Amino acid sequence: MTRRLKTTAQLIAFACVAGLLALLVWSVVHQQHAPGVGSVAPSFTLRRLDGSGRVSLASYRGKPVVLNFWASWCEPCKSEAAVLERDWTSYRGRGVVFLGVDYHDLDSDARRFVSAHALTFPMLQDGSGNVTSRYGISQVPETYVLNRQGRVVAHLRGPITDPGFATQFQSAITKAAA
Amino acid sequence: MMLRFAAVLVAALVFAAPASACAHPRTSLDYLQGQVMCPTCHTTLDMSDSQAAQQIKGFIAKKVAACWTAQRIESALVANYGQAILAAPSHRGFDLLAWWLPIVGVLAGAIVLAFGVWRWSRRKEPEEPDEPTDSGLDEETERRLDDLLARFD
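Read top to bottom, the protein sequences are chains A and B.
Residues in the first sequence are numbered consecutively from 1, following our numbering.
Residues in the second sequence are numbered consecutively from 1, following our numbering.
Quick caveat, the hints were computed from the structure, so don't treat them as lab data.
A few of these clues could be false.
[As the list claims (entries may be wrong)] To spell it out: a stretch of chain B is covered by chain A in this simulated footprint if at least three of its residues, at any positions, have a beta carbon under 8 Å from a beta carbon of chain A; those stretches are:
#	segment
1	37-51
2	54-60
3	76-86
Just so it is clear, the structure is predicted and the values come from calculations on it, not from any experiment.
Every residue gets a Cβ at the ideal spot worked out from N, C-alpha and C, and that includes glycine.
Construct the entire structure; sequences and hints are all you get.
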């Protein structure tokens with residue numbers, strides 16, 4: 001009887017340890033990393049900030065996409081907004097799509113931001129940050145440039161207004177649109 | 001003098017009106033700061049001063065002033081940011097596991113400990129070895145051994 005009890009206790013302890021190990025392995029395997037240059041950008045479907053339906057990244061396959069992650073509470077995003085709008089108006093004729101992804105933000109504040117900066121490209125809402133974390137975003141603004149196959153051409157960690165990024169951004173769009 | 005008193009009274013009534021308009025006890029920013037997470041820094045709001053946290057604190061302060069209940073404010077935040085915005089899991093569905101598992105774990109540990117103590121207390125004391133009665137030697141050898149040992153006395 002005692003021996004059976006001992007074996008059962010040992011089995012339970014072993015199962016607990018095995019479960020914890022499995023959990024550790026799972027979390028290591030599923031850790032989010034920013035997709036590197038050349039890799040396929042993670043797919044997503046997010047709702048539009050203005051509430052008029054949902055947008056899927058896959059629906060833009062075949063077009064170069066500029067994916068900009070921002071938030072209304074982010075100071076550098078304010079200075080970047082005007083430049084993004086200007087670039088959007090100049091590149092849209094060449095089939096380049098600009099998508100803004102608002103991250104960890106209040107809808108009302110985000111809409112106010114869009115209106116205050118007169119942004120006209122599609123804006124999506126990622127309040128929970130699920131999509132953003134799959135892109136390995138640690139701070140906003142960050143921008144990805146994707147080619148027609150949905151592969152990452154460039155990942156800019158910071159505002160595209162930064163002197164170092166401005167030319168990199170332009171050449172990435174040119175490359176993505178080629 | 002009367003005019004000044006009337007002005008103070010009117011001002012008091014104007015500013016007190018929103019507070020008295022609450023049909024329930026008003027919640028507070030201080031309370032909710034401990035219940036809501038900062039989404040970018042993964043601490044509760046009261047431990048964060050980030051821009052995202054400041055934004056949510058501003059939202060809460062506005063809603064508290066507008067007489068929203070804590071539950072309504074939390075629901076609005078969950079609708080915007082998802083369930084992870086709350087510091088504690090809800091008391092519904094799968095989230096219940098987060099509340100019950102630690103209790104079950106502590107209980108299981110207590111049971112195992114109690115069983116171990118019970119078994120330990122029941123363990124027999126090792127008995128004193130009896131005086132050897134039989135050395136296993138035959139009489140002749142025993143006698144010779146006694147003689148031999150007697151020489152050393």
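> Counting residues of the segment 54-60 of chain B whose CB is closer than 8 Å to a CB in chain A, do you get three or more?
Replying inline: Since three or more residues must qualify, the claim that chain A covers the segment 54-60 of chain B holds, with 4 doing so at under 8 Å.
> Within the assertion that chain A covers the segment 76-86 of chain B, do at least three residues meet a Cβ-to-Cβ distance smaller than 8 Å?
Replying inline: holds (count 4)
> Are 3 or more residues of the segment 37-51 of chain B near chain A, judged by a Cβ distance of less than 8 Å?
Replying inline: holds (count 3)
Going through the hint list in order, the structure satisfies each hint without exception.
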